[in-house]
Amino acid sequence: MNIFRIIEQLSEVDADTLGRFDSRRAVFKTLGSTAKRGALAAAPVFVASLFQKAYGQTAKPTVVEVLNYAQTLELLEEDFYKKMVAAGQIPTGAPKAAIDLILKHESAHVKLLDATIKALGGTPVTGIKFKTSAFPADYATQLVVAQALEDTGVRAYKGQAGNLMGAMAGTTNLLQVALQIHSVEARHAAHIRGMRQQTAWIQAADSSLPAPLGPAYTGAIRESNVVQSNVNITNQLANPYSANDAAASFDEVLTMAEVTDASRAGGLIGA
Amino acid sequence: MSKIINSGGDEAEFAKPLYVPIKRRSFFMYAGATAGATALLLSGCSDDDDNGVTPAGMVNLGAGDVGVLNFAYALEQLEAAFYARVKASPASDFSATEKDYFVQVAAHEAIHRDFFKAAINRDAPGKIIQDLTPVFDTIDFTKRASVLSAARTFEDLGVQAYNGAGKYLKTPAYLVIAGQIVSVEARHAAYVRDLISNGSFADDSIIDPITGLDKALEPTAVIAAAQGFIKEKLDATNVGK
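Line order of the protein sequences matches chains R and W.
1315 is the number of the first residue of the first sequence in the working numbering; add one for each residue after it.
63 is the number of the first residue of the second sequence in the working numbering; add one for each residue after it.
Take the hints with a grain of salt, since some may be wrong.
[As the list claims (entries may be wrong)] Pair ranges (Cβ atoms, derived): (1) R:A1448 <-> W:P271: 25 to 33 Å; (2) R:A1557 <-> W:K277: 40 to 48 Å; (3) R:K1410 <-> W:S151: 50 to 58 Å; (4) W:D155 <-> R:T1376: 49 to 57 Å; (5) R:V1399 <-> W:S151: 17 to 25 Å; (6) W:K295 <-> R:N1553: 39 to 47 Å; (7) R:K1396 <-> W:P187: 27 to 35 Å; (8) W:D202 <-> R:K1410: 33 to 41 Å.
Since the hints were made in silico from the structure, they are not lab data.
Beta carbons: idealized from backbone N, C-alpha and C, even for Gly.
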């Protein structure tokens, strides 16, 4: 099987073939290491999964699927903050008040999404819990996870905006509702980051942090990205800007597959 | 195979996540189509619906997607001008960290302004609104409290503006860009609010305590709120239409 020939042929009929893969380098690197391992027997499976990844996600999810995806994240956040409150290590005063406020919003989002999914005739997802074994024992690490959850949530909602264009529930515009949740998650993220002496906005260097924070800022489009709609922000605008300012001035999307990946929120869901 | 690699260009280009170029390419396709569609739409309207200064002396933000982009560009011009003043002569009672952070915020807003200018000129040539003249008479730039109060107004308004205008965008790529910017505005808003009163980043005055939703404002309401800070009269009645 000549994978390169297949890709080349595909690229002749579909100019975006290579664009569909994570990155050119990643594709060829993975192929190289697979070959080195001599896993020739597994090659057809590997190739199949490669194309599944590249072409399998083009089907647009339904509105209910998007809302249930959002609900999954809201339930995860809600349960996390409930566990955080129950753990009893949040300092009284401003920190406790902030976590209580954030938990209140997550619970409100859960109720809102539950009602909306039902109104659309769908079945709301339930029973999503933050994996007990993944819950940090100390307050400082709890805040780290909170930051990862909030910044991931911001990216997740952003990633679904396009799938909610024109979506309505009665007279309610669901894209607008999603945006109204999205900016609340961003406010939460900003405050949690402040509780950790971080800037409210995402620094380019965050994309290089170790887990669990790092994966929240990586993906097909990393938060350190400085190119927006084919314009390099650092040197193609009327004024020059630093790479860090360019990265921080735009947040980036995560796809559904990226968010539910075990390295991100997907790995935090459990019993 | 060499053909494939060559299409990647240099090393930096080669390493780029390629989801981005897909969007870039489709963005151009959409953008081209949108610009054409917008031109058609505009040509079918009366002169009053055109962009630029109308006979009445108003700056018309325009219609359709380009109207939304001009709407965002107007707000970003305002924010960028505000923070440029803050950066150039920060209030003496700002801490060193606050000064540093507002230099970063100033850069973000200047980037948003410059980005919209470049994007509109590229995708809808001739449709961009003029440079606006900010009016900051009511802001005392020498006082931290006055600057923070104005910053809170601008940032919360920015969030509400994008939240309300997103539904009027017909081009998915523009919607993603708006989403990428609004969350940064929300981060600014939360930061400024916490500086004014720690814990007010998302308090009940700005986030509905029952639904947990941030606010969303229609473009005309946003412009009405912003008009006091802009010398030129803005007309947002056709934004997104």
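- Query: For which of the previously enumerated hints does the structure constitute a violation, in increasing order of number?
  - Reply: Those not satisfied are hints 2, 3, 5, 6, 7.
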